[in-house]
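Engineer: These protein sequences, in sequence, are chains A and B. Note that this note's numbering gives residue 105 to position 105 of the first sequence, counting from 1, and the numbers run on in steps of one. Note that this note's numbering gives residue 145 to position 145 of the second sequence, counting from 1, and the numbers run on in steps of one.
Just so you know, not all the hints are guaranteed correct.
Since the list gives no way to pick out one identical chain from another, each pair is judged satisfied if it fits inside one copy or across any two copies.
[To be verified] As a list, the in silico DSBU-like pairs of lysine-lysine whose alpha-carbon atoms are at most 30 Å apart:
1. LYS115 with LYS145
2. LYS118 with LYS145
3. LYS55 with LYS130
4. LYS89 with LYS55
5. LYS76 with LYS118
6. LYS118 with LYS89
7. LYS77 with LYS55
8. LYS101 with LYS55
9. LYS76 with LYS35
10. LYS128 with LYS55
11. LYS145 with LYS130
12. LYS35 with LYS128
These are computed hints drawn from the structure, not numbers from a lab.
2 protein chains.
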Amino acid sequence: MTRLRKLMSGLALAMVVTASATAHADDQDVIDYRKHIMKTLAEQAGILGMILQNKAPADNLATHAQILATTATTAKKAFEPNVVGGEAKPAVWANWADFSKRMDAFVAAADELAKTAKTGDTAAVAGKVKELNCRGCHTEYREQKK
Amino acid sequence: MTRLRKLMSGLALAMVVTASATAHADDQDVIDYRKHIMKTLAEQAGILGMILQNKAPADNLATHAQILATTATTAKKAFEPNVVGGEAKPAVWANWADFSKRMDAFVAAADELAKTAKTGDTAAVAGKVKELNCRGCHTEYREQKK
């Protein structure tokens with residue numbers, strides 16, 4: 001092998017390595033983005049649960065409900081790229097019509113929750129939290145990792 | 001010890017155990033509540049970083065900035081109870097005037113960020129993200145656990 005061919009071969013290898021590293025990073029980015037969103041939802045749902053159990057101050061009940069509702073509006077887009085990984089089951093994309101419908105229902109339920117929370121009626125809020133039906137979707141579409 | 005005294009003694013012990021378990025749970029609740037808030041901020045800041053690096057879609061840039069800004073308004077209240085633990089250093093309460101002032105500055109900077117994000121000018125948004133100055137406060141007041 002000439003010195004030039006060796007160099008070209010090395011460059012080609014470097015390009016392949018770079019390209020595959022980039023492709024991997026892209027998929028990981030998709031996963032990371034939706035994880036950031038789902039974790040935000042989990043943190044805020046956790047807060048609502050604490051408030052309803054009198055374990056956290058209720059002063060910001062409406063604000064936390066609004067954060068949850070606003071975050072909910074960003075979730076579906078984050079799942080649009082068909083990238084299995086993280087805790088998303090392949091069923092998300094195999095049953096996209098159903099998943100998408102459930103996501104829309106979740107957004108609507110979170111919006112109802114935020115409106116109810118503005119009234120400060122915690123009993124009504126507790127009912128609206130149940131209607132978010134997190135578990136319903138997680139059972140079908142989430143593979144919870146430890 | 002009579003049987004009655006034994007029973008009373010056992011009851012008293014049970015009451016002490018219950019009371020201290022409750023007190024402990026209360027402190028843990030305080031810690032859990034502020035952790036939920038700080039984690040929400042971290043998730044949304046992570047998203048903003050991804051968007052600015054073109055690793056996540058920019059469609060919801062303004063929404064994510066708004067979630068961060070709204071969450072920021074809930075943070076100071078969560079630190080009001082003087083309960084060391086989680087990742088909060090005792091300095092939070094030893095230097096409350098400074099901590100409080102920085103929290104107010106953070107809320108104002110996050111609000112500026114949210115307003116800027118509505119323009120879609122990502123370069124301007126990047127500047128506003130720096131002004132959040134997360135690290136400034138974390139260096140003084142956060143003991144990061146692994």
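Engineer: Indicate, hint by hint, whether the structure satisfies it.
Structural biologist: Each hint, compared with the structure:
1. For a Cα distance limit of 30 Å, the shortest separation of LYS115 from LYS145 qualifies neither inside one copy, at 33 Å, nor across copies, at 37 Å.
2. Taking identical chains as interchangeable, the C-alpha atoms of LYS118 and LYS145 are never at most 30 Å apart, the minima being 35 Å within one chain and 36 Å between chains.
3. Within a single copy, LYS55 and LYS130 get their C-alpha atoms as close as 18 Å, which meets the 30 Å cut-off; across copies the closest is 34 Å, which misses it.
4. Proximity of LYS89 and LYS55 under a CA criterion of 30 Å is satisfied inter-copy only: 22 Å between copies versus 33 Å inside one chain copy.
5. Proximity of LYS76 and LYS118 under a CA criterion of 30 Å is satisfied in both settings, with 25 Å inside one chain copy and 21 Å between copies.
6. For the homomeric pair LYS118 and LYS89, neither the shortest alpha-carbon distance inside one copy (35 Å) nor that between copies (34 Å) is at most 30 Å.
7. Taking CA atoms no more than 30 Å apart as the test, LYS77 paired with LYS55 passes between copies only; the shortest distance there is 14 Å, against 33 Å inside one copy.
8. In the homo-oligomer, the alpha carbons of LYS101 and LYS55 lie at most 30 Å apart only across protomers (26 Å), although the nearest pairing inside one protomer, at 33 Å, exceeds that limit.
9. In this assembly of identical chains, the alpha carbons of LYS76 and LYS35 lie at most 30 Å apart whether taken from the same copy (12 Å) or from different copies (26 Å).
10. For the identical chains of this complex, LYS128 and LYS55 are intra-copy neighbours only, at 19 Å inside a copy versus 34 Å across copies, given an alpha-carbon limit of 30 Å.
11. In this assembly of identical chains, LYS145 and LYS130 lie within 30 Å of each other by CA distance solely inside one copy; the values are 23 Å within and 33 Å between copies.
12. In this homomeric assembly, LYS35 and LYS128 come within 30 Å of each other (Cα to Cα) both inside a single copy, at 24 Å, and across copies, at 24 Å.
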